[in-house]
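Participant: Chains as they are written, first to last, in the working numbering: chain A, 7 to 199; chain B, 7 to 199.
Hint data in this document are derived by calculation from the structure and do not stem from the laboratory. A portion of the hints provided could be inaccurate.
Given that identical chains are not distinguished, each listed pair holds provided it fits within a single copy or across any two copies.
[Claimed, not checked] List of simulated lysine-lysine pairs, DSBU-like, C-alpha gap at most 30 Å: (1) Lys55 - Lys108; (2) Lys55 - Lys118; (3) Lys88 - Lys108; (4) Lys118 - Lys191; (5) Lys191 - Lys138; (6) Lys108 - Lys191; (7) Lys119 - Lys27; (8) Lys55 - Lys191; (9) Lys88 - Lys55; (10) Lys88 - Lys119; (11) Lys191 - Lys119; (12) Lys55 - Lys138; (13) Lys27 - Lys118; (14) Lys27 - Lys88; (15) Lys55 - Lys119; (16) Lys88 - Lys118; (17) Lys108 - Lys119.
Protein chains: 2
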Amino acid sequence: MRELEERIRNEGTVRAGDVLKVDAFLNHQCDVGLFDRMGSAWAAHFAGKRITKILTIEASGIGIACVAARHFGDAPVVFAKKAQSINLDGDQYTTTVYSFTKQREFPVIVAKKYLNAGDHVLLIDDFLANGKALRGLIDLCMAAGATVEGIGIAVEKGFQGGGDALRAEGYDVDSLAIVESMDPKTGDITFRH
Amino acid sequence: MRELEERIRNEGTVRAGDVLKVDAFLNHQCDVGLFDRMGSAWAAHFAGKRITKILTIEASGIGIACVAARHFGDAPVVFAKKAQSINLDGDQYTTTVYSFTKQREFPVIVAKKYLNAGDHVLLIDDFLANGKALRGLIDLCMAAGATVEGIGIAVEKGFQGGGDALRAEGYDVDSLAIVESMDPKTGDITFRH
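Just chain A, with the same shape it has in the complex (with noise of 0.2 Å):
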């Protein structure tokens, strides 16, 4: 998606340690136009899916994945959280996700009666570098006995290598924007095409 690709390279920074930082547009102040455009891109690259569900992890997919949803019938959307609260039932799917970003495991968790057996999943997040988030999420629709009909990623970091291994097993992973290469020194970013 050329407009997510420019955005990244006009507005996002790179910084040591393979961290792109996008929250001027993404995933701390959200451009909702941008949301709407790449929803809309999804539902073109997944037009022949059945899609019952849209399953995202709390908190920078949940507003791509709210917008988006408008573009899969107002699908609804369901959000993994990371932490117990005293608000969610007793009766949930449980897995653990190692984070990049923060740099520790954490329990993902969504409630049963959200996440069924008969439902068609779209995964959407923000970002795809190891996979370990997507993969608790494909845990939780294992565990849920649900079918994964496809995963939408605005920006994948393709030098990580977790989007190639999801494709290798047969997912279809549409990554809007796929970063090949990026340079904390000169800040240059190569897209893969």
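Use these hints to put chain B onto chain A, whose structure you have.
Facilitator: Coordinates of chain B only, in the frame set by chain A:
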């Protein structure tokens, strides 16, 4: 908003300790068609105000704010973050909020570059109870010199007083459903009109 009241009455669950669970459509599973109609209602209420930014707090406010922002000329949505992350700059406004649902205090931060003196801010959140989360967002706006133009809330627990205290201070609080009382024994919910 009659639709929201009916959803709360039909799908909400009243728990002991003044807990109202509406995670079937508002803050675990998200009905984005409803979010769109909520955004339309807030746009009608705040029609005379100039809104340049929408500020919310992770995680439950994000989806609602992003879908609603489409009714405010795609105003940028900024979500305050609840914990330090290596992906955030050091240059932040910080405050502390006590969470009713998590039953602990936590720091809330927003990057200075995304909240500015010239901003006319609409605060959006899923719940308003004692108002502590909103006080945190107002603190952040005051620190930035931004103007709080209004507050859009999905569900206000009127009996906890946070909304009325804000109104008494002159804030324009538009809650789409105000629960006047609720009974964990019978499940009965009455709304303020």
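Participant: Hints first: check each against the structure and report whether it holds.
Facilitator: Do the hints match the structure? See the list:
In the homo-oligomer, the alpha carbons of Lys55 and Lys108 never lie at most 30 Å apart, since the shortest distance is 34 Å inside one protomer and 38 Å across protomers. Taking the shortest alpha-carbon separations for Lys55 and Lys118, only the intra-copy value of 24 Å comes in at or below 30 Å, while the best inter-copy value is 42 Å. Taking the shortest alpha-carbon separations for Lys88 and Lys108, both the intra-copy value of 12 Å and the inter-copy value of 13 Å come in at or below 30 Å. For the identical chains of this complex, Lys118 and Lys191 are inter-copy neighbours only, at 24 Å across copies versus 46 Å inside a copy, given an alpha-carbon limit of 30 Å.
Within a single copy, Lys191 and Lys138 get their C-alpha atoms as close as 27 Å, which meets the 30 Å cut-off; across copies the closest is 42 Å, which misses it. Taking CA atoms no more than 30 Å apart as the test, Lys108 paired with Lys191 passes inside one copy only; the shortest distance there is 23 Å, against 41 Å between copies. For the identical chains of this complex, Lys119 and Lys27 are inter-copy neighbours only, at 14 Å across copies versus 35 Å inside a copy, given an alpha-carbon limit of 30 Å. With identical chains, the CA atoms of Lys55 and Lys191 are never at most 30 Å apart, being 42 Å at best within one copy and 44 Å at best between copies.
When the C-alpha separation of Lys88 and Lys55 is checked against a cutoff of 30 Å, the pair qualifies only within one copy, where the shortest distance is 29 Å, while the shortest distance between copies is 36 Å. Taking the shortest alpha-carbon separations for Lys88 and Lys119, both the intra-copy value of 17 Å and the inter-copy value of 27 Å come in at or below 30 Å. For the homomeric pair Lys191 and Lys119, the shortest alpha-carbon distance between copies (23 Å) is at most 30 Å, but the shortest distance inside one copy (48 Å) is not. When the C-alpha separation of Lys55 and Lys138 is checked against a cutoff of 30 Å, the pair qualifies only within one copy, where the shortest distance is 24 Å, while the shortest distance between copies is 43 Å.
For the homomeric pair Lys27 and Lys118, the shortest alpha-carbon distance between copies (15 Å) is at most 30 Å, but the shortest distance inside one copy (34 Å) is not. In this homomeric assembly, Lys27 and Lys88 come within 30 Å of each other (Cα to Cα) both inside a single copy, at 21 Å, and across copies, at 18 Å. Within a single copy, Lys55 and Lys119 get their C-alpha atoms as close as 23 Å, which meets the 30 Å cut-off; across copies the closest is 40 Å, which misses it. For the homomeric pair Lys88 and Lys118, the shortest alpha-carbon distances inside one copy (15 Å) and between copies (26 Å) are both at most 30 Å.
Both within a single protomer and between protomers do Lys108 and Lys119 lie at most 30 Å apart by alpha-carbon distance, with minima of 29 Å and 22 Å respectively.
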